[in-house]
Amino acid sequence: MNAFNAVLLRDLRVAFRRWSELAHPLIFFVIVVTLFPLALSPTAAQLREVGIGVLWVATLLSSLLALDGLFRSDADDGSLEQLLLAPVPMTMTVLAKVVAHATVTLLPLLCLVPLSALSFNIPLAALPTLALALVLAAPTLSVLVALGAALTVSLRRGGSIVGLLVLPLTGPLLIFGTRATDLSVNGEPTAAPLLLLSALAVLAVSLGPFAIAAAVKVGLE
Amino acid sequence: MSEFFSMGGHGAYVWSAYGITLAVLIVNVWLARAKRRSALQRARALATQDEVPRKQPTVRQLQ
Amino acid sequence: MPLKMRLDLCYSKTKVNPIGCKNDRVGHNPRSTGASLLLMTEPALCGRELAAWRGDRCLFERLHFDLGPGQLALLVGSNGSGKTTLLRILAGLGLPTEGAVTWRGVAVGELAPDERGEIAYRGHLEALKRDLTVAENLSFHAAVWGRSQPFEGVLAELKLSGLAHMRARYLSAGQRRRAALAMLKLSRAKLWLLDEPTTNLDREGRGVLAEWVRGHLRDGGLAVIATHQPDEFAARGALMIEL
Amino acid sequence: MKLPRWFHQLGSPPYVYRLAEALAPWLGGIGLALLAVGSFWGLVVAPPDYQQGDSARIIYIHPQTAYVGMMAYVVLAVAAGIGYVWRIKLAHAVAVSAAPIGAWFTFCALVTGALWGRPTWGTYWQWGDPRIMSEALLLFLFLGYLALRGAFDDRDKADRVTAILAVVGVVNVPIIHYSVEWWNSLHQTSTLFADGGPAMTADMLVPFLIMFAGFTLTFYWLLLRRLQAEIVEREGSARWLREWLAEGAR
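Protein chains in written order, with the numbering used here: chain Y, 1 to 221; chain F, 1 to 63; chain U, 1 to 243; chain A, 1 to 250.
Rather than coming from a laboratory, the hints here were simulated on the basis of the structure. Among the hints, erroneous ones may be present.
[Unchecked claim] For lysine-lysine, the following DSBU-like pairs were computed, each having C-alpha atoms within a straight-line distance of at most 30 Å:
no., chain 1, residue 1, chain 2, residue 2
1, A, 89, F, 35
2, A, 157, F, 55
3, A, 89, F, 55
4, F, 35, A, 157
5, A, 89, A, 157
[As the list claims (entries may be wrong)] What the simulated footprint calls covered on chain Y by chain A, stretch by stretch (three residues with Cβ under 8 Å from a Cβ of chain A suffice, anywhere in the stretch; the number is not a length):
no., stretch
6, 92 to 100
7, 209 to 216
Ideal Cβ placement from N, Cα and C applies to all residues, glycine included.
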């Protein structure tokens, strides 16, 4: 557990010392969200209809941007191979790194989403559900993107391929997430999709670190 | 006969579906063959070369 | 399900034998060096029939060695001869195309975390986070290795005391190398695997390192050092592995 | 765990190469013959569907290619998993060989599905249909696998990294499938086993099943042929290959 905390704190510290990079995914998100209404030349009613989907897709894309370099800088300066050799299970290290990066990159993003939802005329009453769905989706999303980052850790230009690997796997997240928000906009019960989102989160967090650790290990071989 | 080919008005769909499936099969057979041919070609080129030089490191103890 | 079988199933580029059953070679040592019939539990590093291929190129094959407590191995060879590859294989960071490396009788890829902590590897990369200070880097390392201890003494020995609170990005190449060596020293590992550790070091730094290696061996430690200047470390009884 | 002898033999490239050489003509011959017979039966002999008319004749290729695409992914993932865990290079060779074939069949299933959808639903692409979406996502998984493979120079590393992706993918396939199904169900229920036994009449069912067998055998034929090429490529300068080529192999 000490090692977990050490890795977590170190990554948080490094992230805050490079704080300007933390803003990139947020800016990206805002730009994507702004572009959609431009492309749709919409009315208020139309915006509300597509808004939820736009927000979810924009969140997926931004998180892809945010977590892409998760292992790259550690691999470049050699600290990743040292972590592999350390007397600590790699799954633990990996989990700590994912948690740290999700905290500093996804959390601000998740705060931004409900705000943007207002600009799409999504009713205020639906925002808690939207926020909850995002929070429940975040673990799965971070694990998936981290897996993509781990699979491409040894590739010079891995960035373009991560999306190809990860986005098809995010289908269920998108379905349950948008469905939960949709239902709450219509004032219907949202328990089912939210429970399914939590089930996915449990699955991802319990199995994901093993796959990520294996991918990192093979990548550095 | 033309009745058979028109497939009750759906001929275009049915025949293009079968045609595309056939094309995919042919492409796959061709790809497999091409891959095999190029692999054998490369192996033959390698076989004409000398065997890869092997290197056994020397291990000795300093006195 | 143990993964031990995998050695039998790796087919090899060198053997015609369809079933590369090489089980009998592991643990049996035809060319034992000197005094050792090494016990399984003793801290010993053994290489068995190691081979490494890069694509269609053979870096080395049939490499066989034993290294016991207090013993040093020097890896020498021209650029690209496979020194780094071999060191990474010894550390468990890479897989040999054939053969096995064992530490205390266990394949290095399958060591329990505690046993893995006995091995320290220092490669070309210093593993310093550029945005953290030297002190932060060192204490992170100590925390992960579970060996927190004061590092002022080590830093003083390396003439890094004044730099402890400077971010690693402002260090010179030689200073970064010194900081990496501080991590090595603080790891208190039994086996040191060093890849050209004197790169960028000045004469004084090399002296400190050579002294550390001698002390490490005196205390019963083991070291494998890849180097172009074997004379700096050479000592009676050391193994010279020429790739 | 002690593995039986045949398992070890399946780890030996020359043995598998010869096995494939012996099996492939049979698989190919029977597979293609079944496809020819099934197509003739389906197009000429079988009666048109009482609801959909002649457009339903696509039923003799669409479900079959879709099934083979899915089977290919399972073969790919199982082979990759075995290769990863036991470090058997031949298993990786099987996985690599299955991927492009599977991608082609999945592509074929999507296209024939669209061509069937047009006369049946009035649209080529029904975004709301769960099976189309599952198929499309399966195609993306194949393409992701192939793209990741292509990005590596080192074959061993590519094998092991893509194996992880394949296994993660196969865990995800049922999740994707059921989530998409839950998301929307517009599609007709499974054709073969609707409530109360097969809904198809025998003269439709026979060619339907013949085509299943035909496509499956054809897939394995293509797989073996690709596997042979892959073995030759991977063995490079191995001695058995040199001797075999020196003996004047084709």
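Each hint, compared with the structure:
1. Note on residue 89(A) and residue 35(F): the hinted pairing holds, with a Cα-Cα distance of about 19 Å set against a maximum of 30 Å.
2. Of the supplied pair hints, the one linking residue 157(A) and residue 55(F) holds, its CA atoms being roughly 23 Å apart against a limit of 30 Å.
3. Using a Cα cut-off of 30 Å, the hinted pair residue 89(A) and residue 55(F) holds, with the two alpha carbons roughly 24 Å apart.
4. A C-alpha spacing of about 21 Å is found between residue 35(F) and residue 157(A), which places the hinted pair at or below 30 Å, so the restraint holds.
5. The hinted pair formed by residue 89(A) and residue 157(A) meets the criterion: a straight-line CA distance of about 11 Å does not exceed 30 Å.
6. Residues of the stretch 92 to 100 of chain Y with a Cβ under 8 Å from some Cβ of chain A number 0, which does not satisfy the need for three, so the listed coverage is violated.
7. Look at the stretch 209 to 216 of chain Y against chain A: 3 of its residues bring a Cβ nearer than 8 Å to a Cβ of that chain, three or more, so the hint holds.
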